[in-house]
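Participant: Sequence:
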Amino acid sequence: MALKLFNTLTRSVHEFVPLDSQKKKVGMYCCGPTVYDFAHIGNWRTFVFADLVRRTLEFSDYDVTHVMNITDVEDKIIKRVREQKTTLREFTGKFETAFLEDLKTLNCLPPKQTPRATEHIPEIIALIEKLVARGVAYKAADGSVYFSIEKYRGCGCHYGQLLKLNLDEMRAGERVASDEYEKESVADFALWKARVSDDGEVFWPSPFGEGRPGWHIECSAMSIKALGETFDLHLGGEDLKFPHHEDEIAQSEGATGKPFVKFWLHGAHLLVEGKKMSKSLGNFFTLRDLLAKGFTGREVRYLLLTAHYRETFNFTLDGLAGAKSALARIDECVGKLRDIAGDFKTSEFAKQATDSLLVKSFSAALADDLNISAAWASVFEWVRETNKHIADNSIPDHEAAFALAAWEKVDSVLGVGVKAEAEVPAEISALADERTAAKKAKDFKRSDAIRDELKVKGWVVEDTPKGIKLKRI
RNA sequence: GGCGGGGUAGCCAAGUGGUAAGGCAGGGCUCUGCAAAAGCCUCAUCCGUCGGUUCGAUUCCGACUCCCGCCUCCA
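Just so it is clear: in the first sequence, position 353 is 743 by the numbering used here, and no numbers are missing.
Any given hint might turn out to be false.
The calculated SDA-like cross-link candidates involving lysine to any residue, where the alpha carbons are at most 25 angstroms apart (straight line), are [what the hints assert, rightly or not]:
#, residue 1, residue 2
1, 648, 746
2, 856, 774
3, 554, 403
4, 809, 835
5, 469, 490
6, 809, 746
7, 669, 683
In case anyone wonders, no lab produced these hints; they're calculated from the structure.
Whenever a hint applies, use it, and build me the whole structure from the sequences.
Facilitator: Right under this line is the structure:
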């Protein structure tokens, strides 16, 4: 089924067709983290969204080159490096490592490339030189190089592709005016920032003088290097539409004269407990904060994946608790299927699974601009139907394997997998054995007491026709 | 002030010009010695408010109202 996506450039849903003549390869660039702190849950919504896009493309048999930059030089970073009296590399390295760890905790597939801005200074400089040569960039009195929107528009280029811009009506300049930048026009933006004393050791030599890259240029330089002057998909949070992505388009198209990106996808923000996240409201969470509360990465991933990417999502701790229950329902069903399937290998059914009701309804939902809510609905309907068959023993081993193959197919997109089987400690299994013995002897008082004790220790014991089942809470 | 996105059950969240998916919580039931974070069933005469178009609107149009985002570092 043809995948349709909402393209911010056209503000409408279109069928996604790759630029590749074979319609196989897809270049996808996602604006990555600025590594000055631990990423928060809002950031993670965007990265999980990017992971959903990438997995959906791979599910649709595309060969995706997924690139995500690491912005490791920027105003806030420099400020903190100075305050903490450390080095740029040491400071950013710490948060980059944490970011990649968190990405893994959320089961996001690692991008094929994660280029760092500081390792692409020559490419950045080359791009700026191109813009200067083309007359759309100029060096100001303060030594910085700026992009001229007026000149860019003057040569027939379109500034304001991602949103309607009315520069006269905008309140631009309120803050910029108080800055010491010496731009010709307030809308112009820095390509190269001249070195100032506060930058400390953070500067590079360039034909324009010592300094460092502006905020937007690294994404243009690195995406063009990795994916070419024109590529398929570029995504990021909705706040990046302007100015970041608009400026990326201007720099890239201004330098190459070619269309930069075919499809722009933007993920909406989230609220936490119904309010905008803020440290003073106490609703500002990093992934690490949530893990410390006892939640797991897969629960957070599930919750972030329950709402449509273009809608504001209300992230709540109650919702996270609900995610735990919902996943347990899936785990239970998949676990039972595994037991029934026995030695049958799901891989033998992988191809046929594509024709299953589950995979069909799931992929139809995804193809409709990533309607993930409808996709989950198809999963839970499948769980309910499957449970009925399991309950009346009407599902033979090979059918269980087929059902599992279908689940594995949809999970290649969802990425929630199955809860890792917890190792049962000797103490717990000893207690469970003792309970079984007491039960057999019809000493129910004793067996129930042990069940309560197990629960206190974090384990639930269930009696099934095949014996007891221990589950970690 | 300019531009944009929303208000659907206790909570989260899809969706459609023809009578409201799914998840959590709640209720009922089943298996069970009793249970269960086990399973099944159930749970919105109604989709912010008021008008309009229509045979018919939650869905289209208008007004009002509340919330959120971008315009400035920001996922």
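Participant: Evaluate each hint against the coordinates.
Facilitator: Results for each hint:
no. : hint      : verdict
1   : 648 - 746 : 43 angstroms, violated
2   : 856 - 774 : 22 angstroms, holds
3   : 554 - 403 : 18 angstroms, holds
4   : 809 - 835 : 32 angstroms, violated
5   : 469 - 490 : 23 angstroms, holds
6   : 809 - 746 : 24 angstroms, holds
7   : 669 - 683 : 17 angstroms, holds
Figure legend: structure checked against the earlier numbered hints; hints not met, in rising order: 1, 4.
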